[in-house]
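Undergrad: These are the residues of each chain, in order.
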Amino acid sequence: AQKVTQAQTEISVVEKEDVTLDCVYETRDTTYYLFWYKQPPSGELVFLIRRNSFDEQNEISGRYSWNFQKSTSSFNFTITASQVVDSAVYFCAHLGGSNYKLTFGKGTLLTVNP
Amino acid sequence: DTGVSQNPRHKITKRGQNVTFRCDPISEHNRLYWYRQTLGQGPEFLTYFQNEAQLEKSRLLSDRFSAERPKGSFSTLEIQRTEQGDSAMYLCASSLAGNSYGYTFGSGTRLTVV
Chain W
27 AQKVTQAQTE ISVVEKEDVT LDCVYETRDT TYYLFWYKQP PSGELVFLIR RNSFDEQNEI
87 SGRYSWNFQK STSSFNFTIT ASQVVDSAVY FCAHLGGSNY KLTFGKGTLL TVNP
Chain Y
83 DTGVSQNPRH KITKRGQNVT FRCDPISEHN RLYWYRQTLG QGPEFLTYFQ NEAQLEKSRL
143 LSDRFSAERP KGSFSTLEIQ RTEQGDSAMY LCASSLAGNS YGYTFGSGTR LTVV
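Protein chains in written order, with the numbering used here: chain W, 27 to 140; chain Y, 83 to 196.
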């Protein structure tokens, strides 16, 4: 069975600090996908990034970057120069080759203080 | 297309009452999913439909829960004889079958059982 672990329950930083959110996963699938979602207080899940298991290239999108390492089963998310608007719960998730069931971690609550 | 729509946004009910939630997916999406999210946890899979067929139900979905998707369009999730443990956010999502880009989530229905 798949499992996603986000060991950091809560992180608090001051605006403009860099912050990294950790994600470790377990899977028996040979083909799988990993995601990060943002959940602001309003409740909706906002898609941020998808990686497939064959693509270990790191990705940067503006202030966001992702580091995928199959050797350590990790898919970490870094926010550079954090802003108050980044405050939210962030979820890492796994989608297996069957492509229908997302398995989420418990989430990390990020608070960015001004 | 305005995305996935869920109604109501909030529902407060007395223990023992029945409640029904509605989800309207993105019109061209043939898959529809229900997830439940309790406080401090990530969303957990409940069930999913491909068109009008319900293809899998989680063990989390007790016999007090029933979901339907008549005609493969909108879906309803009914909880009978609600219990306080049913208090949670119920999230609906939709996707195209085989689309590994994950889902588009709705804003959820927050249920409080008093």
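FYI, nobody ran anything at the bench for these hints, they're computed from the structure. Some clues are possibly wrong.
[To be verified] According to the in silico footprint, chain W covers these stretches of chain Y (three or more CB under 8 Å from chain W): (1) 111-123; (2) 126-135; (3) 186-193.
[Unchecked claim] Which residues of chain W face chain Y? A partial, calculated answer using Cβ under 10 Å: (4) Ile37; (5) Tyr63; (6) Glu70; (7) Ser113; (8) Phe117; (9) Cys118; (10) Val138.
Please read all numbers here as calculations on a predicted model, not as lab measurements. Glycine included, each C-beta is placed from N, C-alpha and C at the ideal position.
Undergrad: So which of those numbered hints doesn't the model satisfy?
TA: 4, 7, 10
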